[in-house]
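Whole structure, please, built from the sequences with the hints as guidance.
Here the protein sequences line up with chains A and B, keeping their order. In terms of the working numbering, the first sequence opens at residue -14 and continues consecutively. In terms of the working numbering, the second sequence opens at residue -14 and continues consecutively.
Please note that a few of the clues may not be correct.
You can't tell identical chains apart in this list, so a pair holds if it fits in one copy or across any two.
Said to hold, decoys possible - When the alpha-carbon atoms are kept at most 25 angstroms apart in a straight line, the in silico BS3-like pairs for lysine-lysine are as follows:
no.	residue 1	residue 2
1	Lys123	Lys60
2	Lys139	Lys7
3	Lys7	Lys60
4	Lys268	Lys123
5	Lys60	Lys139
If you're looking for bench data, these hints aren't it; they were derived computationally from the structure.
There are 2 protein chains.
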Amino acid sequence: MSELRQNIITRDWVIIAPERAKRPHEYGLEDRRKRRLPTYRPDCPFCVGNEESTGEETLRWSDDRGWRVRAVLNKYSALSSAGDRVRHAQGIHRSISGVGAHEVIIEHPCHDLTTALLEVADVANILRVYQQRYLHFKTDPRIEAIIIFKNHGKGAGTSLEHPHSQIAATPVVPSQFRSRIDDAIRYFDDQGSCVFCETLEDELASGTRIIFENSHFVAFIPYAALSPFHIWIFPRRHSSCFEQITEPEILGLAEALQVVLAKLYYGLDNPDYNYTIRSLPSKQEQSPYFHWYIAIVPRINQTAGFEMGSGMYINASQPEESAEYLRSITIST
Amino acid sequence: MSELRQNIITRDWVIIAPERAKRPHEYGLEDRRKRRLPTYRPDCPFCVGNEESTGEETLRWSDDRGWRVRAVLNKYSALSSAGDRVRHAQGIHRSISGVGAHEVIIEHPCHDLTTALLEVADVANILRVYQQRYLHFKTDPRIEAIIIFKNHGKGAGTSLEHPHSQIAATPVVPSQFRSRIDDAIRYFDDQGSCVFCETLEDELASGTRIIFENSHFVAFIPYAALSPFHIWIFPRRHSSCFEQITEPEILGLAEALQVVLAKLYYGLDNPDYNYTIRSLPSKQEQSPYFHWYIAIVPRINQTAGFEMGSGMYINASQPEESAEYLRSITIST
Chain A
-14 MSELRQNIIT RDWVIIAPER AKRPHEYGLE DRRKRRLPTY RPDCPFCVGN
36 EESTGEETLR WSDDRGWRVR AVLNKYSALS SAGDRVRHAQ GIHRSISGVG
86 AHEVIIEHPC HDLTTALLEV ADVANILRVY QQRYLHFKTD PRIEAIIIFK
136 NHGKGAGTSL EHPHSQIAAT PVVPSQFRSR IDDAIRYFDD QGSCVFCETL
186 EDELASGTRI IFENSHFVAF IPYAALSPFH IWIFPRRHSS CFEQITEPEI
236 LGLAEALQVV LAKLYYGLDN PDYNYTIRSL PSKQEQSPYF HWYIAIVPRI
286 NQTAGFEMGS GMYINASQPE ESAEYLRSIT IST
Chain B
-14 MSELRQNIIT RDWVIIAPER AKRPHEYGLE DRRKRRLPTY RPDCPFCVGN
36 EESTGEETLR WSDDRGWRVR AVLNKYSALS SAGDRVRHAQ GIHRSISGVG
86 AHEVIIEHPC HDLTTALLEV ADVANILRVY QQRYLHFKTD PRIEAIIIFK
136 NHGKGAGTSL EHPHSQIAAT PVVPSQFRSR IDDAIRYFDD QGSCVFCETL
186 EDELASGTRI IFENSHFVAF IPYAALSPFH IWIFPRRHSS CFEQITEPEI
236 LGLAEALQVV LAKLYYGLDN PDYNYTIRSL PSKQEQSPYF HWYIAIVPRI
286 NQTAGFEMGS GMYINASQPE ESAEYLRSIT IST
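Structure below.
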């Protein structure tokens, strides 16, 4: 019989119904590692030499080899950086002008070097650019939420191969932020502690779902993971705000992110995935109830009418078994 | 500049950012209508003659031509109909045994006759089976929510071509149900009226987003539609519970559903789509604040890291323009 598990942080129930015939290593459907990309493509707007084909550059991280990471305006931005934030209300309808920001972070000069294949020092550069752009947008009074995310592969919603991530800043607080915070506050009121800290402590004590840990970060598959190989990376130190990450933490997160993505790359044949950084709304500061983290979701199964109609997910894998498999994959950093 | 709109029912904000170059009729990427399926496939488990290859039959709707609609147990059910509903709590973890139900509704004997191509009388048969199975599961004390949904096409999560839908009954109330109901109650408390009735009245007064209406149902693209051609079909009569649909309403809904799906079929070249019926948790009865409805979501764009990280959507189409296009497509029933 399957089992329903509740995610204590999101309060979502998930149906854990492992397909008995499928073992973790069988989730890699084809050997996509063999389809290694070229280091350079003359027609790629993000490759070296094509800097003028991107949107305006807002930040560049360079060393004596040239630029290593660039932040540029998204040419197909859904939100405009110019203009006032104007609210309209007419009858039952509410709207707000589409102001905010939408930038692309070009993660590395080489077309083929996705995070799984990078040096940890290179990943740290990407994270520093995330932090700097986040701090920049945080000063804009029109902005309420800043979302950092990465789409890797066609199945994850990108057609651009060159390694990149995105940062979007919205003029409203998304309702998903509100409901997650409300639930964390309720837990804090009931239990007197941070639900994220409690989860981290529980995962470390059990150990069965841990994938990787270092002195600053812990990566694990949640007890009620919504989909196969869904991974959370939590900072050990309680902090509500990603942008307040310290320099030693940046190095720890760079290592954790690189190792975890390399384990997916080698263990599941370079699956498509999304990741996102979950932090507080940008005008909120530290609080005892919320804890920022990174969520990584390999795009292994497809959502359909059941998920749409219920908001519940069916996970055809066993989190403990998937974590054991990823632990067994050795990555040397 | 784009515009953010709030869905007054779900409280979700959506970024309406129409791609100026793309007109509504261009969403049909290829002429999938030409790939008409055969009427019968000997290897299809849902085709006539292969009745023994399905799960156990739970309902059959027949006339002198033979069976017209069948309900059968899902052979790959995520939830088991046998066993007790047992809750476990250990530390911070909560789980429930995977009891409930999961059935497939085989909508028609012919392999090729999807709803868009059916007679209205055939669609009414499908709806009557939905209602009967819903009423059956409603009596099960272990069941809290009943979700009726359809996955049409590979992009919507089905590999089976033969027209079918599904009904799943879960031993918990999904958190999505709770938050939608909570928001409806809050609206009722603040405004003294049903937010769904208010929305329907507003859509009828404006008319710009209406796709089809008859004496019992109204189909429209919501003001803050999450994705292109996202459609809601509302009953005109305030009722919280799908299963209390009357016989004249079944005929009205059959017509509305058939016409709307035919408009998508001919207007967008048979797109993949999901639909779901949104009703109250199965142990709740009529209430003044909740109104059941059907949501249809063509799988035209892909969600990615932004949607995952924010819960917000970017809709690259203008709801009013999409509705005008679908209104212009004539369907004779």
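(request) First find the shortest C-alpha distance between Lys60 and Lys139 inside one copy, then the shortest across copies, and answer within, between, both or neither for a cut-off of 25 angstroms. (result) Result: close within a single copy only, 19 angstroms intra versus 31 angstroms inter.
(message) For Lys139 and Lys7, with the copy left unspecified, which applies at a CA distance of at most 25 angstroms: within, between, both, or neither?
(response) both (24 angstroms within a copy, 21 angstroms between copies)
(message) At most 25 angstroms between CA atoms: does that hold for Lys7 and Lys60 within a copy, between copies, both, or neither?
(response) between (42 angstroms within a copy, 17 angstroms between copies)
(request) Could you figure out if Lys123 and Lys60 sit no more than 25 angstroms apart (CA to CA) within one copy, between two copies, both or neither? (result) Within one copy only: 22 angstroms inside, 52 angstroms across.
(message) At most 25 angstroms between alpha carbons: which applies to Lys268 and Lys123, within, between, both or neither?
(response) Result: close within a single copy only, 7 angstroms intra versus 46 angstroms inter.
Violated hints for the displayed structure: none, as all numbered hints are satisfied.
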